[in-house]
Amino acid sequence: MKYEIGQNAYIKLVLHALKHRTSAVNGVLVGRYIPGDGDNGVVQISDAVPLFHSLQIGLLPSLEIALLQIEEYCGDQGLNLVGYFHANERFDDYELSNVAKNIGDHIYRYFPQAAILLLDNKKLEALSKAKDRNPVMQLYTREASRSWKLAGSDGSSGLIPREPTSNIVLLDYISSKKWKDIVDFDDHLDDISRDWQNPELFK
Amino acid sequence: MADHDAWRELAESYVSLQMYKQAAFCYEELILSQPTVPLYHLAYADVLYTIGGLESLQTAKKYYASTIDLTGGRNTRALYGVCLCTSAINQLTKGRNKDDKDNELHSLAATALEKDYKRRAPAKLPLLTAALKSLKLL
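Here the protein sequences line up with chains G and D, keeping their order. The numbering of the first sequence is the working numbering, which starts it at -15 and goes up by one. The numbering of the second sequence is the working numbering, which starts it at 4 and goes up by one.
Be aware that one or more of the hints could be misleading.
Lysine-lysine pairs mimicking DSS-like chemistry, simulated, CA-CA at most 25 Å apart [as the list claims (entries may be wrong)]: (1) G:LYS113 / G:LYS161; (2) D:LYS136 / D:LYS97; (3) G:LYS107 / G:LYS164; (4) D:LYS121 / D:LYS139; (5) G:LYS161 / G:LYS106; (6) G:LYS164 / G:LYS106; (7) D:LYS24 / G:LYS85; (8) G:LYS106 / G:LYS133; (9) D:LYS97 / G:LYS164; (10) G:LYS162 / D:LYS127; (11) G:LYS3 / D:LYS121; (12) G:LYS3 / G:LYS106.
Computed spacing ranges between beta-carbons, pair by pair [claimed, not checked]: (13) G:GLU73 / D:LEU35: 23 to 31 Å; (14) D:GLU107 / G:SER112: 53 to 61 Å; (15) G:PRO183 / D:THR132: 29 to 37 Å.
To be clear, the hints were calculated from the coordinates, so they are not data collected in a lab. All C-beta atoms in this analysis are idealised placements derived from N, C-alpha and C, irrespective of residue type, glycine included.
Take these sequences, add in the hints, and give me the full structure.
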């Protein structure tokens, strides 16, 4: 089972995490599943919606509203909710929190190939020094077992960038401080004129 | 008792550990000492909704309503909160006595949301309408 992440989705998620460095952030992944024979299906993550950056992460109401509207948006575009992204508050915290697992389980119920992505802070910091093609995230999938397992034990993450230049573009955006422009669902609830789909971000 | 920021930080820590009942206690203390700050009412209502259960949901709805009152009807999260609470309460009390008085609050909140979206975020209006519709049917 391969997981392919598109450049726009990848950059949105990392920029969102960089915008709110001092707190945990989360987001949902949107895309579709291309079945293959046996275990060779591909989950294509084509877009991401950054959700919250404050203590709203642990609370239900805003999450439910967000999921309702994002599911509508997915239905319009013919896409699915394929996963969840989480970035922990602390630099060296690699634990998948309960909140992340609960939301992941919820998405899993509707989309069995769901994935959870956890931001790898050390890789993100090392990005400017090393020329790494791999995404700076850890991929968790839930196989037949009831828990989320880290994919890819040999160093690679099982998550492939769709465009190999994703990390280079990301570094470019980081240096130009593009994260200031990103809008998440939290910002939208504070001021509804701000669009969580971020249509102008990459123009 | 006078250190409000400490109570807030404690409440946020509890939420991050998913200890919602303890977080609710912190917000209760804050509301007692500063009853006109809408932020505490809203946060308390959010925590109550997350705890779930019929009684918590009914109280959450009251606090969303008081937030709307204190902010002059402009707080989007509280308006959404009222709609969510109504739909969750209806789901829990399916078939039992339906209170008509409650539906009025729900539809007022929904109308206020639609008016606000039409004015400030017209592109998102269809998504909002669909989301509200799926809540009413629940």
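Beta-carbon spacing of GLU73 (chain G) to LEU35 (chain D) - inside the hinted bounds 23 to 31 Å or not
holds (29 Å)
Are LYS121 (chain D) and LYS139 (chain D) close enough, with their CA atoms no more than 25 Å apart?
holds (20 Å)
Per the hint of 29 to 37 Å, is the separation of the Cβ atoms of PRO183 (chain G) and THR132 (chain D) within bounds?
violated (20 Å)
For the pair supplied as a hint, LYS3 (chain G) and LYS121 (chain D), confirm whether the alpha-carbon distance does not exceed 25 Å.
violated (29 Å)
Hey, LYS161 (chain G) versus LYS106 (chain G), does the alpha-carbon distance stay inside 25 Å?
holds (20 Å)
Between GLU107 (chain D) and SER112 (chain G), is the Cβ distance one that fits in 53 to 61 Å?
Holds: the Cβ-Cβ distance is about 57 Å, inside 53 to 61 Å.
Agreement of LYS24 (chain D) and LYS85 (chain G) with the hint, judged by alpha carbon distance not exceeding 25 Å:
Measuring from Cα to Cα gives roughly 21 Å; hence the hint holds.
Do the alpha carbons of LYS3 (chain G) and LYS106 (chain G) lie within 25 Å of each other, as the hint requires?
holds (17 Å)
Satisfaction of hint between LYS161 (chain G) and LYS113 (chain G), Cα-Cα up to 25 Å:
It holds: about 18 Å lies between the C-alpha atoms, which stays within 25 Å.
Satisfaction of hint between LYS127 (chain D) and LYS162 (chain G), Cα-Cα up to 25 Å:
holds (24 Å)
Please verify whether LYS136 (chain D) and LYS97 (chain D) have alpha carbons no more than 25 Å apart.
Answer holds: LYS136 (chain D) to LYS97 (chain D) is near 18 Å, not above 25 Å.
For the pair supplied as a hint, LYS107 (chain G) and LYS164 (chain G), confirm whether the alpha-carbon distance does not exceed 25 Å.
Since the Cα atoms of LYS107 (chain G) and LYS164 (chain G) sit roughly 22 Å apart, the hinted pair holds (cutoff 25 Å).
The earlier numbered hints that this structure contradicts are 9, 11 and 15.
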